[in-house]
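Novice: Each chain, written out:
Number of protein chains: 2
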Amino acid sequence: MNAPKAKPPKAPVLTPQGDDFPQWYQDILAKAELAESGLVRGTMVIRPYGFAIWERMQAEMDARIKSAGVANAYFPLFIPESFLAREAEHVEGFSPELAVVTHGGGKELEEPVVVRPTSEMVINHYFARWIQSHRDLPLLVNQWANVVRWELRPRVFLRTTEFLWQEGHTAHATEADARVFALGILHDVYADFMRQVLAIPVYVGAKTRKERFAGATFTYCLEGMMGDGKALQLGTSHELGQNFARAFDTTFLDENGERQLVWTTSWGTSTRMVGGLIMAHGDDAGLVVPPSIAPHQVVVLLVKDDPDAAAAARRIVDELRALGVRALLDDKVSSSFGRRATDWELKGVPVRVEVGPRDLADGVVTVVRRDDASKAAVAVGEVAARIPALLTATQQAIFDRALSRREARTVDVTSVADALEAAQHGFVRAPWAAIGEAGEAELNKAAVSVRCLVRADGGVPESQDEPDLVAVIARSY
Amino acid sequence: MNAPKAKPPKAPVLTPQGDDFPQWYQDILAKAELAESGLVRGTMVIRPYGFAIWERMQAEMDARIKSAGVANAYFPLFIPESFLAREAEHVEGFSPELAVVTHGGGKELEEPVVVRPTSEMVINHYFARWIQSHRDLPLLVNQWANVVRWELRPRVFLRTTEFLWQEGHTAHATEADARVFALGILHDVYADFMRQVLAIPVYVGAKTRKERFAGATFTYCLEGMMGDGKALQLGTSHELGQNFARAFDTTFLDENGERQLVWTTSWGTSTRMVGGLIMAHGDDAGLVVPPSIAPHQVVVLLVKDDPDAAAAARRIVDELRALGVRALLDDKVSSSFGRRATDWELKGVPVRVEVGPRDLADGVVTVVRRDDASKAAVAVGEVAARIPALLTATQQAIFDRALSRREARTVDVTSVADALEAAQHGFVRAPWAAIGEAGEAELNKAAVSVRCLVRADGGVPESQDEPDLVAVIARSY
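Line order of the protein sequences matches chains A and B.
Quick note on numbering: the numbering used here labels position 106 of the first sequence as 111, and the sequence is numbered without any gaps.
Quick note on numbering: the numbering used here labels position 464 of the second sequence as 469, and the sequence is numbered without any gaps.
Hints are supplied without guarantee of correctness; some may be wrong.
Any copy, or any two copies together, can satisfy a pair, since identical chains are not distinguished.
Derived pair list, reagent style SDA-like, types lysine to any residue, alpha-carbon separation capped at 20 Å [as the list claims (entries may be wrong)]:
hint	residue 1	residue 2
1	K71	R331
2	K71	E60
3	K112	E97
4	K71	L333
5	K215	A93
6	K235	G23
These are calculated hints, taken from the structure and not from any lab test.
Construct all of the structure, not just a fragment, from the sequences and the given hints.
Specialist: Have a look at this one:
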């Protein structure tokens with residue numbers, strides 16, 4: 006592949022990232038037709054192209070969840086208000102964010118119902134009905150659903166009053182079983198998906214006590230670096246201990262015939278990952294979508310109206326599809342070629358194959374990679390066969406670029422003051438012993454937070470009190 | 006296959022259909038672990054086995070919807086209350102069923118928001134933003150979502166306050182385009198899915214003026230016969246004319262540069278289809294799930310703890326999976342064989358392969374079909390290869406049985422009085438001219454309704470005023 010040729014300057018389609026990253030994000034949502042705000046403040050409309058990306062995320066994630074032995078189910082949107090109060094920390098955490106239905110079927114309700122902000126309460130109620138014996142354990146369920154958390158500073162995909170997610174809920178006979186499962190989801194489902202599919206080099210670690218989920222005894226998390234050096238939490242997995250089991254009296258008869266409380270976990274990822282994908286890989290020309298998640302991995306562009314070129318373009322699309330590549334034909338020659346090329350660049354399609362009569366006269370087509378803008382002339386008869394390897398290379402290159410940026414924008418410090426300063430530019434690694442809960446509170450005052458704790462060797466701790474932990478510190482979304 | 010042998014009488018697992026069909030339905034929901042009631046009246050919990058059936062329905066339906074050129078998207082759960090009032094018939098139709106959120110984030114809202122009962126309003130608002138020119142048409146979107154309609158007489162799957170569905174919404178340049186599309190969904194997506202996948206021989210026709218969707222100019226529908234002779238509406242497809250386009254000023258510039266209102270359609274199917282599947286095919290032994298929709302097409306049962314039998318059972322499962330058959334191994338020999346066999350019968354798994362040491366000594370396994378209870382001894386080395394054809398035969402037999410029952414329970418009459426009488430036992434066909442709107446009102450008083458109008462040749466009418474239409478009349482869910 007050759008380096009890109011110098012192009013004449015043109016008016017940018019998007020606000021450049023360096024000028025105003027938040028505005029770049031807003032521009033790309035609109036210009037790439039990903040999503041827009043809903044009518045009720047804080048809600049969002051996910052447009053077909055944005056939703057196609059989410060659908061691919063769902064398919065990849067769902068397959069991994071099922072491989073972990075978890076079955077999908079569905080629990081109701083509405084929860085009686087009194088139910089939420091069963092687990093004290095949980096209700097305290099969620100009360101300020103609730104949407105409350107007071108009228109139904111034309112009448113005021115006797116008891117208001119809340120729209121689920123998460124489903125621990127309702128699912129644990131059913132767990133208590135379904136679990137009798139140790140033979141019923143582990144009980145492993147997941148649901149794909151919408152949840153509502155009233156949001157004062159909404160941002161599409163990142164922080165919305167309604168969002169789409171998967172929430173897994175499991176019950177186990179022992180604390181050790183619950184921990185092994187929560188860690189399995191963390192590593193084998195979430196980290197694997199984020200690295201292999203989203204091409205985001207996530208930090209995998211544990212939350213500090215302060216950052217834990219309301220009602221959890223321990224929270225694991227995955228944090229990615231965005232294009233502006235801020236962190237985005239991409240997923241969490243919680244050990245809930247016996248907190249919900251106690252609240253719902255979820256017990257089982259063990260092998261010795263004794264009644265025991267179960268140990269539960271919950272874990273979730275959401276449409277927020279679409280925002281993460283945009284901000285982790287996008288550049289001034291638009292989205293950069295990794296091939297594994299791209300709705301269209303290749304777009305074959307007919308340069309101009311020409312019967313031979315049209316036939317060649319269709320043939321290439323057919324050949325690609327036969328190879329299992331998600332290929333799209335763009336033969337809308339009533340729009341200019343330049344405009345269509347810019348649009349596919351904006352939408353981040355990994356590879357463009359440009360088919361025009363002039364190239365064809367030489368027996369070639371032009372293949373353009375989105376991630377590095379490199380172009381190559383490839384023999385028309387060989388192009389389809391070369392694409393799969395090109396997609397694999399692109400997937401790896403996108404991950405490598407994100408990893409390089411993360412490493413370049415991460416510094417090691419040993420004091421709270423230095424952490425505060427360095428976090429203005431990217432990630433900070435500091436000994437947790439040098440930060441501590443007092444230092445964490447100080448960072449929080451300046452809108453900087455401990456994103457996760459990791460062991461010195463990169464491993465995931467089982468307690469925030471282990472020696473020699475490293476705190477990963479950053480500003481965040 | 007041999008006819009089933011006479012078995013000794015045993016206590017029924019379910020209330021027999023003939024004794025009390027509604028109680029049989031409740032029993033099967035619980036015993037087959039399909040679903041149960043939610044905490045808020047009218048809501049439901051869909052348990053993993055019930056949800057696995059719904060997931061297969063979604064996958065099959067979604068593929069057909071995409072083949073029709075429709076893209077998925079997502080629109081918000083919440084709609085400003087004032088929005089609903091934009092289309093007069095629509096608001097009148099839905100007002101009594103709304104759930105209203107009055108508080109969010111700890112405060113009373115300035116304007117209450119309703120939880121979507123359907124999304125015509127919000128989607129047409131965005132259509133008005135996205136459609137400028139005839140080049141933007143047709144605009145074809147679908148969403149998979151939950152909706153809420155407050156339900157006074159809830160029944161799990163059939164009529165619930167919250168249900169899951171797909172709702173398609175499209176905009177077209179002309180009335181003819183909209184009609185062709187609404188009919189395409191009716192025939193190529195819905196009827197094809199219901200007949201080929203659900204194995205339900207649906208009547209495909211048009212609703213009378215009285216039964217139309219609120220805001221529609223014409224409603225097409227699909228009606229199936231349940232095991233008790235009642236009708237269940239399994240899907241609808243609506244022409245909305247320019248009603249919503251007028252309410253939201255959704256216009257486009259046509260080829261001549263003149264501004265025109267678009268023509269819209271909407272169409273939906275829901276978790277109600279799971280109830281339909283249960284009631285269309287189930288019998289006194291439990292569910293009968295057609296192979297096309299079965300989460301497990303074949304269960305391979307290890308009869309008792311025996312290493313050779315266990316190895317043979319595992320090998321058969323592997324061979325079946327290699328053939329693309331959804332096969333499950335049941336080697337839980339700590340439960341009795343009889344109990345496990347009854348349970349898989351209850352769950353309606355199309356084919357059981359029973360692998361035990363006594364049969365294996367003769368080189369055979371026992372293959373049992375769920376739909377007709379026929380059993381056959383099959384050579385262990387041949388069994389996997391014979392299953393695909395057996396599944397195809399089972400799928401067809403389930404459809405044929407449903408069709409025979411429908412034909413046996415349908416009578417032709419020529420008066421309202423005879424229709425009323427005959428509808429107590431099944432479906433009734435009567436000349437629409439002999440019923441008319443006055444007759445329809447009389448039927449309604451006795452909880453009998455015109456389910457659909459069809460042409461004499463079985464075709465779908467374009468108006469209820471066509472001559473020689475046949476009214477299909479029944480009691481319904």
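Novice: If a hint holds in the structure, say so; if it doesn't, say that too.
Specialist: Hint check:
no.	hint	verdict
1	K71 x R331	between (24 Å within a copy, 14 Å between copies)
2	K71 x E60	both (16 Å within a copy, 13 Å between copies)
3	K112 x E97	between (29 Å within a copy, 16 Å between copies)
4	K71 x L333	between (30 Å within a copy, 14 Å between copies)
5	K215 x A93	within (16 Å within a copy, 51 Å between copies)
6	K235 x G23	within (14 Å within a copy, 66 Å between copies)
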